[in-house]
Each structure stands twice: as structure tokens, then as C-alpha cells.
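Undergrad: Chain by chain, the residues:
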Amino acid sequence: MTETIQIDTYLSSLRTHLGPMTLGERDEIVREISSHIRDSAEQSGGNVETILARLGSAEELAAQYRDGVLIRQASRSISPVKLMRGALRLATKGVSGVIVFFVGMFGYIIGGGCVLSGLLKGVFPAHTGTWFQDGRMIASGTQLYIPPSPAHEVLGMWYIPLMLTVGSLTLLATTFVIRTSLRISQRWQAKLSRGA
Amino acid sequence: MMRLRARPIENESPDRWEAQLRKGALEMAALASLWRGRLYGLEIIRFLEQHSRLVLAEGTIYPILNRLKAEGMLTSDWVEAEAGHPRKYYALTEPGRTRLRQMAEAWANFAGGLSQLLEPVLYPQAAEQSSTRDTEKKELSR
Chain A
0 MTETIQIDTY
10 LSSLRTHLGP
20 MTLGERDEIV
30 REISSHIRDS
40 AEQSGGNVET
50 ILARLGSAEE
60 LAAQYRDGVL
70 IRQASRSISP
80 VKLMRGALRL
90 ATKGVSGVIV
100 FFVGMFGYII
110 GGGCVLSGLL
120 KGVFPAHTGT
130 WFQDGRMIAS
140 GTQLYIPPSP
150 AHEVLGMWYI
160 PLMLTVGSLT
170 LLATTFVIRT
180 SLRISQRWQA
190 KLSRGA
Chain B
0 MMRLRARPIE
10 NESPDRWEAQ
20 LRKGALEMAA
30 LASLWRGRLY
40 GLEIIRFLEQ
50 HSRLVLAEGT
60 IYPILNRLKA
70 EGMLTSDWVE
80 AEAGHPRKYY
90 ALTEPGRTRL
100 RQMAEAWANF
110 AGGLSQLLEP
120 VLYPQAAEQS
130 STRDTEKKEL
140 SR
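Sequences listed follow chains A and B, in order. The first sequence begins at 0 in numbering that gives the first Met the number 0 and counts up by one. The second sequence begins at 0 in numbering that gives the first Met the number 0 and counts up by one.
Don't read these hints as lab results, they were simulated from the structure. C-beta: ideal position from N, C-alpha, C; glycine also. A portion of the hints provided could be inaccurate.
[To be verified] Label pairs and their computed distance ranges (CB to CB):
no.: 1; chain 1: B; residue 1: ARG96; chain 2: A; residue 2: ARG71; range: 29 to 35 Å
no.: 2; chain 1: A; residue 1: LYS92; chain 2: B; residue 2: HIS50; range: 21 to 27 Å
no.: 3; chain 1: A; residue 1: ARG182; chain 2: B; residue 2: GLY112; range: 27 to 33 Å
no.: 4; chain 1: B; residue 1: ASN108; chain 2: A; residue 2: SER167; range: 49 to 55 Å
no.: 5; chain 1: B; residue 1: GLY112; chain 2: A; residue 2: VAL165; range: 28 to 34 Å
no.: 6; chain 1: B; residue 1: HIS84; chain 2: A; residue 2: GLY111; range: 15 to 21 Å
no.: 7; chain 1: A; residue 1: VAL165; chain 2: B; residue 2: GLN101; range: 29 to 35 Å
[Said to hold, decoys possible] With a straight-line Cα cutoff of 27 Å, these simulated DSS-like cross-link-like pairs (lysine-lysine) come out:
no.: 8; chain 1: B; residue 1: LYS87; chain 2: B; residue 2: LYS22
no.: 9; chain 1: B; residue 1: LYS68; chain 2: B; residue 2: LYS87
no.: 10; chain 1: B; residue 1: LYS68; chain 2: A; residue 2: LYS81
no.: 11; chain 1: B; residue 1: LYS22; chain 2: B; residue 2: LYS68
no.: 12; chain 1: B; residue 1: LYS68; chain 2: A; residue 2: LYS92
no.: 13; chain 1: B; residue 1: LYS87; chain 2: A; residue 2: LYS92
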């Protein structure tokens with residue numbers, strides 16, 4: 000009875016730590032490990048504690064499954080959250096990963112900021128725009144206080160399509176850069192493991 | 000701040016290095032265990048225990064099998080066993096066979112080269128004798 004509880008506790012801990020994987024993948028893994036424990040118990044007659052100890056802790060086992068899966072899933076995704084999680088995982092593997100992570104963060108902030116600013120122009124038309132004075136740009140974006148004359152706003156309502164286009168292109172480029180980096184890192188890892 | 004400077008590897012003990020080496024070889028070993036036919040997880044572990052000295056924490060093999068399957072190197076099937084519960088059997092796919100062949104060739108070249116390099120380290124007496132013979136030959140030829 001205690002053994003059943005031990006196994007159940009191990010499997011439920013494993014399932015919990017498999018976090019970012021899909022429900023189907025988690026089920027499959029737990030089913031396989033459960034089958035391993037039953038087979039080991041039947042074949043060796045060993046006690047459950049030894050079998051579980053030989054498997055390693057549920058947390059460590061889950062971490063081995065998660066590593067790689069996150070990057071693989073992210074490289075097929077367009078979700079900024081998934082891509083950034085993949086980039087973060089990549090950042091733990093080396094300096095180039097850290098660069099990808101920061102480029103991604105920078106790209107999403109700039110791109111998202113441009114799109115948001117374009118939308119804000121629709122809501123606060125007088126307070127949003129690009130102001131020039133004496134041939135120099137002195138302010139751009141949504142301003143609490145409108146720059147006083149002789150500064151003048153130059154784009155008018157063109158600000159909206161311009162910002163939406165620039166923002167979308169930046170977001171697309173960022174997505175492309177992160178996905179490509181994740182794919183290259185996967186290929187690189189596969190190459191390493193092939194011993195090439 | 001990022002630490003770009005290489006750390007001194009105080010805790011890089013030979014044991015740890017060996018563990019890394021074994022871990023690296025495990026993917027190839029897992030593929031090799033399936034060369035003759037399909038096996039389930041525990042059979043792969045037992046096979047590796049019998050045929051190689053890659054003693055491993057049993058849990059390590061499952062994430063590797065999972066990754067190899069995701070990469071299309073393996074297929075898997077749940078088969079209802081006599082034991083009363085299903086077992087997940089793995090088999091090599093054609094790309095898996097090709098990759099294993101490439102890995103085996105690379106491994107053989109690598110290991111062959113290293114063995115030659117390490118011969119004097121492993122068998123110092125034999126190396127000493129052969130170098131003495133070389134010196135004698137050179138002196139005779141003069």
C-alpha cells in the first residue's frame with residue numbers, strides 16, 4: 000500500500016514538473032515511466048524505493064524532458080511568450096543565446112511600442128505624433144503636454160499607418176530572428192550529437 | 000554583468016568528465032540497441048547494461064528516447080504485454096539507421112585516432128622500448 004502511494008507521489012510530481020509540455024505529451028511520459036516502474040518491480044523484485052532512486056528524482060527527470068522540448072516547441076511557434084521562453088532557455092546555454100534573448104526583448108518592446116503608439120493616435124490625436132522644431136525632431140509618441148509653438152507636428156493622421164507598419168515589421172523581424180536562432184541552435188545541437 | 004572569462008575548472012573532476020563522456024555516448028548507444036529490432040525502455044536499459052559499460056541512472060534514457068522520437072529517428076508503439084500492462088516499444092526509422100551509421104563511423108575514426116595518441120600514456124613501457132629501438136636504428140643508420 001505504501002509502495003503504491005510512493006509510486007503515485009512520484010508520478011504526480013513528475014507530471015507537475017513537466018509543466019510546459021502539452022497534456023498529451025505529459026500523459027505519454029507518465030504512462031511510460033509508470034510502465035517502467037511496474038516492469039522493474041516485476042522483473043527484479045526490488046523494492047519501489049530502489050527503483051525510484053535509480054530513475055532519479057521526479058524533478059530531475061522532468062527537467063531532462065523539458066530541456067530541448069521548450070526550444071523545439073518555441074521554434075515552431077509565433078507566440079512572443081513561447082519564443083521568449085525558448086530564447087531564455089537558449090540564453091542559459093551560452094553567450095550567443097544571451098544576445099538572442101536581448102535582441103528579442105528589444106525588438107518586441109520597440110515593435111509593440113510603435114503599434115501601441117499608432118493606436119493611441121486614434122484615441123489622443125492631439126497628444127500623439129512627431130514634433131519638429133528648427134528642422135530637428137524634438138518629440139515623438141504620446142505626450143502629456145503638447146510641445147508648444149513654434150514646434151509643429153509633421154505627420155498628422157499618417158502617424159497611424161506609419162507606426163502600425165513600422166511596429167508590425169519590427170515584430171515580424173523579431174519573430175523571424177528568434178525562430179531562426181532557435182532552429183540554428185537545434186541543428187547545431189543535432190550536429191554535435193552526430194559527432195560531425 | 001555577464002561573466003565571459005573562463006572559470007577555473009576546480010570541480011571538473013575526472014569522474015564528472017567521465018560522466019559527461021558517457022552521457023554524450025548514450026544517444027548513439029540507445030540507437031545502437033535498436034539496430035536488431037524493437038525494444039521497450041527497460042529492455043534498452045538492460046541491453047546497455049549487458050553490452051556496454053554505460054551504467055546509467057535509469058531515468059536518463061527516457062528523455063533521450065523521447066527526443067530521438069521527436070527528431071524522427073525512432074518510432075514508438077504501445078503494445079499490450081503479457082505482463083498485463085502496455086509497454087512502449089521503440090524502433091529505428093530509416094533516417095535513424097542512417098544517422099546511427101554516420102555516428103558509428105565518426106565514433107570509430109575518433110576512437111581510433113585517440114587510441115593511437117593515448118598509447119604511450121596507457122602503455123608507457125612499450126612506448127619507451129619502441130623509442131629506444133628507434134634511437135638505436137637511427138644510430139646504426141649513421
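Undergrad: Taking the numbered hints from earlier one at a time, note which ones the structure violates and give those numbers from smallest to largest.
TA: As far as the earlier hints go, 1, 2, 5, 6, 7 and 13 are violated by this structure, in ascending order.
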